[in-house]
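With chain A's structure known, arrange chain B on it following the hints.
Respectively, the protein sequence lines represent chains A and B. Going by the working numbering, the final residue of the first sequence carries number 566, and the count climbs one at a time with no gaps. Going by the working numbering, the final residue of the second sequence carries number 657, and the count climbs one at a time with no gaps.
This list has only true hints and no planted wrong ones.
Pairs of lysine-lysine, DSSO-like flavour, derived with a Cα cap of 30 Å:
no. : chain 1 : residue 1 : chain 2 : residue 2
1   : A       : LYS313    : A       : LYS560
2   : A       : LYS560    : B       : LYS268
3   : B       : LYS478    : A       : LYS127
4   : A       : LYS336    : B       : LYS655
5   : B       : LYS252    : A       : LYS560
6   : A       : LYS556    : B       : LYS268
7   : A       : LYS105    : B       : LYS66
8   : B       : LYS252    : A       : LYS230
Partial selection, computed: residues in chain B whose CB lies under 10 Å from chain A:
no. : residue
9   : GLN245
10  : GLU428
11  : LEU462
The set of hints was computed from the structure by calculation and includes no laboratory data. The structure displayed is predicted, hence computed values, not measured ones. Cβ atoms here follow ideal geometry from the backbone N, Cα and C, with glycine treated the same way.
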Amino acid sequence: MADTKKKHWPLWAVIALVIFHIILFAGTGFAIFGNSAEVPDAFTEVKTSPSIYPDYIDVTAPANIAPLHFHIDHETDITDFVSRFTAGSETWTLGGEDVRPGLKKWHKMVKTALAADGKIAVEVFTKGNNGWQRYKPFCITISKDSIDPYISYRLISPSYVTYEDLTLNQRCLENFKESLIYGNMINSDEENGQCINCHHAQWYNPNRIQFHVRQYLGGTVIAYDGKVQKIDLKTDSTLSAGVYPTWHPRKPWIVYSTNSTGQSFHTRDVQKIEVQDTKSNLIFYDLENNTVTPITRDTMEFDCFPFWTPDGKYVYYVSAHWERRDTVQMDFELIKNYKDVQYNLYRIPFNEQTRTFGPRELIYDATARNRSVTLPRVSPDGRWLMFTEGKYGVFHIWHNDAELMLLDLAQAQPTTLTPVTRFTPDNIPDEMLPPMANNVVRENAADSLNEAMGQMHPLPAAIRYITELNSHDVESYHSWSSNGCWVIFSSRRDDGNFTRPFIAHHDGNGHFSRPFELPQDNPQYHRQFMRSYNIPEFLTGPVTVRPQDFATVVQKDAIKATLKMK
Amino acid sequence: MKKNNQSAKVTTTSLAEKAMGRSLIYWLVIIAILAIAGIRLVQQESELLLRAQELNLWLPTGLYWKTLMQYPGGAASWFATYLTQFFFYPWLGVAILCGLWLMICALLAWIYRLRGPWIALTVLVPLALLACFTQTGYWVYYQKLQGHLMVPTVGVLFATLSLAVQRLSDMFLPSRIARWLRLIWMGTVCIVGYPFFGAWALGATGLLCLPQREKETGAFNIRFSVLTVILAIILIAAVPQIYYQQLFEMTKRAYVYVAAMPSLRYGKDSFEQYRWAYYAIILAFLILFIASLLREGSALAGKLRPWMRLVLVLVLLCVAVFGVRATWYHDTNFQKELAMNRAIEELDWERVLTIARQPSDVKPTRQIVMYKNLALFRLGRAANEMFFYPEGAVQQNAPWRVRMTQIGGKLIYYHYGKENFCYRWCMEDGVEFGWKVETYKFMARTSILNHEWTVARKYLNLLKKTTFHRAWAEHYEKYLATPEAFDLEKLEASVKAEKPLLDEEGLKEFEPIMHLMTYPDRLDGDNTLVEMYLLQTFAKGNGDDPYFQEMTLLCALIMKDINLFWPRFMRFATMHPDLHMPLHYQEAAYLYGHLENKVDISHMPFDQNVRDTYARFMKFNEQCGPMSEEQKAVAFYPQFGNTFYYFYFLVRNQKTN
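Extracted from the complex, chain B is given alone in its bound form:
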């Protein structure tokens, strides 16, 4: 009778397999999902990936390992930062990531002995990991967990490998031995794994304690399962506390259970919405565990018909895919900021402007406006085109207040010749968020410009130890050999003599900055307001360098400060007698002349279109008399949006951050 039942079961299983096709189909589904995820990551998130590896650091040094291992889970960060650096080539990093995800799927299918459609469910884990990845947004600047983008993948891989070892012992050893070995292995994973993988080791312990069928009988050993769960609970509760008491002297007691997990907190606020993706990882494992109970041949499996399994799998996959879509961070300004940042780093000023011009349904952030102004200034077109681009002061799309000093402020300070402030914010960020390739690069360059050769070498040497930034460091290292090139007078003389002390790239990058550094030292502070600080210090500055002097005029113009504008305007005119006065300067002079009558503008050779536009502006203003300022801003924009008149009267409250 028993034999008959068994053969009937085998027949049913074979039929089911035939009906649903071979496992290969489901592997193809997994590969297809991962391939699509990979392609979308490369297509949509290349800028993020490139920035993420700049905001990452992996060094093959004992000190780096020691620094990370001060905290539980340091090894997870070590592996994660190692992997993150491969986003230097986004396709390569993504290929590695997808490869790891595929490996996780394969291991999970094997560990949980999944067959048929259940195999496809293994992709739920990578999808949860993908959600952790793609919800990042501005966290890329604010996460303190080193290698935060890859830590979940590393942690899950660790847990999966722990399960795989257990599965191996189950395979090759008799149940009686394997059972006890399982307990030892669980203890080992928790006790040995915790210092290296933090909370991920605790998670692995939790997975290892889930009940398993006896190999010989196919049934659960209830007593042993209860014992395993109790031991796991004790381990999970006790091990972090013991490590806190005995080893980890730098971790707050309350954090020992979430070590190596991203904090998802900023200041006083905790952002729970970002935690769902992490809960989804746990959920995915639970689903796989349940699926393992439903696998063919089990008593429970008989209750689910083949088509029901297929539908269930499809539904779960759809929910997961929609979940990923829903949590995927999309923000035009964020993408623009990233792209402009990279274009500036490559000194491709035209590309910065191209990105600034890209149509958008939201107004730009101040960061975008400042990047655009910097590019125009570097191209010598700011005074003619500054107001041809959309103005805005939209806050960055993050649930906390994003500060410019922590995102693009350092780049802006660097290019505006405020090297000490760039260095300062690199140091502050390095202390608060950890050292990154980007901070070392800025610190090296600012140190070169500040003639601090030895410390510049220190940062360059550190960069030379990285896998992908060695060439960059070597490029900048050669400037250390020509310190005289960073004396502006000597550099200009060498250029005049057609024997420039710097190569073409060096000249392009450093010379304009050196012009902007021609101001005297004083004690100051920016109160984290990059734009306001730059405007104030430049507008009130005074210099003989024409490049610097124009910056003082531009800032006086942006600040709409008439008293600061006139002396700088006159000086500019004197310094550039042969230059046709740029459009926006003319507009400002013409407007201020009419507004205040303090300066006689009657003899100034204004362009006819400057006069005409002003006249039209005033006439239109009369026509729109009863309108509110907001209404006027909309009404005037098509005709006058690109003029200083519009900026002066109708662009207000551009709150900087």
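Isolated chain A, as found in the complex:
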């Protein structure tokens, strides 16, 4: 017979249960109440601003942005922290080195600020060996101009050839929620890797997006008003499948560049990678008829990064002229002379009725200034064109001299190409060199001479460096919000290696506020995060097609696009 005597829980189990609950409640209590604090009665004033990360000092933020959580960087002797936020006549006090007001509190602050002067004043107090001190207060200006609620981006480690764990993500800017649009691991295995890239939506519409899948199960995935398909854009008469896309603002048409791209590695330079095209052209894709039509086919012109104007009348793009001298090792020749490949800004007119493009017009002769431009992006009102300028090449995310520039299209006129002579280590006259100059000296001398010659060409009046957005490091990809009031751009200003998105307010007249880094719930998130944000673009809402559904489409055979010549 079984023992029917009532048994009790053993003592150790009861003790363990009690300890578990103590820890649980203590942890929850700390999380809820632990960050409240009191402003000290006495303190000394410090004349400098606090060192906070991300740097939100004197930035302008939209009313619908997620809370700007920040971390107070400090010396080891600092033992206590208090931050006071003031909007209108209300104040909020928070403790701890991680200043995280949270959504509810932040919304209250924003609402109060907007009802008053639109400013949230922030004071930071720290307690060290010498007692409490208060840093110079700073302000966060709240703009009434709202920002699109979502952004999409690719998360990629700044790696060289490997691409495990590559994702296209979307983030709600109004809170901290991030979700996946598509991740490559859902269709990858040890044998078959998959790269995903170049996501782009038609006029900020999350229901009309496209992205590419390369290598395994490759093709271009296009989601258009609920219909998702995978297209093979490669034809016998085009260089490659579509690469860098731009949607027509209204019609189901996409202009792509087609590229033959390679990359090589710097042996000493901390810029580390150089991505180069050895060929690139433009094509026109008609989604309704599934046809591809070449736009440009000149092998001596590297046409890249097209962007359709909001009125659909022009496609802006960049192009480099490259005449091959060595026909045997063309790729090697380009690698050797990578600094000589420089891109100008062009545009081609588009006739919507005939679906044809006109002759190209030079808009900015960057090569005359010994510069190279990339990524033209026109503001939704059609007035401003933002682009990135560096010294050479087209893949400026790896160029730490890359800066954002603004062209006022109201003033811009087509121009003509200035013939330029480039000095190279081989053609530099001996009299310009010190005796016994080695290759390094020759190369540096050629660089200096070319730079000096470039300086002789002034920057056109319609163009300016956006100094308020640029930093000492890389600024590269950028896009405008749908109302033109905000821009989001990639920068490596934090550490020179990992790309982070920054947002700035645009006043409509070509001026920008101090940019702020994409806020995160954990303010130190980006300091730990080992991936870069690639191609941040605004969306008016979330992409609703699930990653699993994209995965199913990707697993299917691609629909072959047909070639349609003009």
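Leaving out everything else, chain B in the frame of chain A:
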């Protein structure tokens, strides 16, 4: 009658227990087996354990947890990486491991109500786990599953604890309730456990569905057992699919059933031989289940006599021990590579050479040869001793092609001043195999040498969050305060002024590397061939730095490139007018002078032994005329194996990887 039978049974059981001794003996057997396993792990695999924790990363951050939990079974990896870090002290890690194994044994004995010799069978599970552990070899570099060494232990522990909860409910609740609770618990383990423990939760579900005797009757409830099994099958089949559809957006559908299991695949190839240890875990559980059916008092137990049980247990234990021995990965070169790697990390160059000299019945890998050359160069003895060590190009003992970039290439690039390439391969490996302490350490140091202070701080801050590498990070963090120390001219000036900008350790580590970084930038690629890339770029390089210049000469020498050798040899002689020309340079110059007669060597002051050895070499060559090259390589080795002449003529096809 029934009563009589029962009392007879009790008497038989007592006698059997007396005959076989108390359970304590079997616990001692288990403890002894685990202790031996632990001692052998520490003795034989310390280098592997140390490397394993360097190739591991555990961070107490939300981001780290979130990153792992993107995939089903992320919690198994989280616990496993947490435990792996304790191999920083191999004895500590092994003690924890053995402790966990002992705990598993104890729980299993309790769960399956094992008595007498059957208790000893619980050690079969740890032995299977040990086999999973010790078969690792080069997988330590190639496994993508984070915490792969400890994941099986964590997974089995999870399954065992799940069973223990079930046993508790069986103990304290009436069968009628416990039966239904068992179903609920099984469902909970599968549904809640799967996202955290992946396939291990499915395994636990499988174990939970095995039929159990009713407490009251001691018999099986067949109908309920069938229901349980059917439900378990449905759960195991459906739960991963539901999670695939609803939650895990980064896992391939085909992999949902093996989530948190090591892939044991590389490229196109799947290596089935490594799977046996994992099957052995399942087998061990099945044996324990069967043993539980045979426990004293059961109807089946009567059919096995006590001595038969003992023999059966002994046989099973012996098979398991031999299985572990058979799968235990032993490879001299692997061990040497690990030991040399650690010695280099500790900048103990003499120890690197001591390890290189250790006798071995196999030729060395290129990795070993390169480590040895690096140590000799750092000690300034390469040109005199480089050929005194065995040459070889044996492939690493793994069934796939091991690439140097993925094992020791980063260390080699780091010390040869190819910081961008070291950083590159860290990044590539981090992306492909996950971030590790080792990659962060290299990335921090290369960033310091490249004057990228902020990103260096990022990696150091991440390392400071680890349990055991904080001190390392703090040590290197202090170099961020003296950026001028990483300007070679300023550093040399400070050393000259006897006010060095770097401390002794910093000088020892960084200064030689900074000398080797004195080359201009260009675009390049190594095509994953570390040795070939280094030889090519150094041999064709040109520099004013004496340290760098000697490296160009050494590489020209190793490449046997006469045209590159002479200008570098002459430059070396000019740069070091007071230096007695090192042996191997003399040998090369003497040989090339005779081979080509392009350079007049008649006035060069060669050592007499260089001339004599050359003469003897040529004479011996004449004597061995009809021999094949392979035969000559063997015949010449005792006399001339340590000369450049031998290297030039008889060491060929050293295929690098």
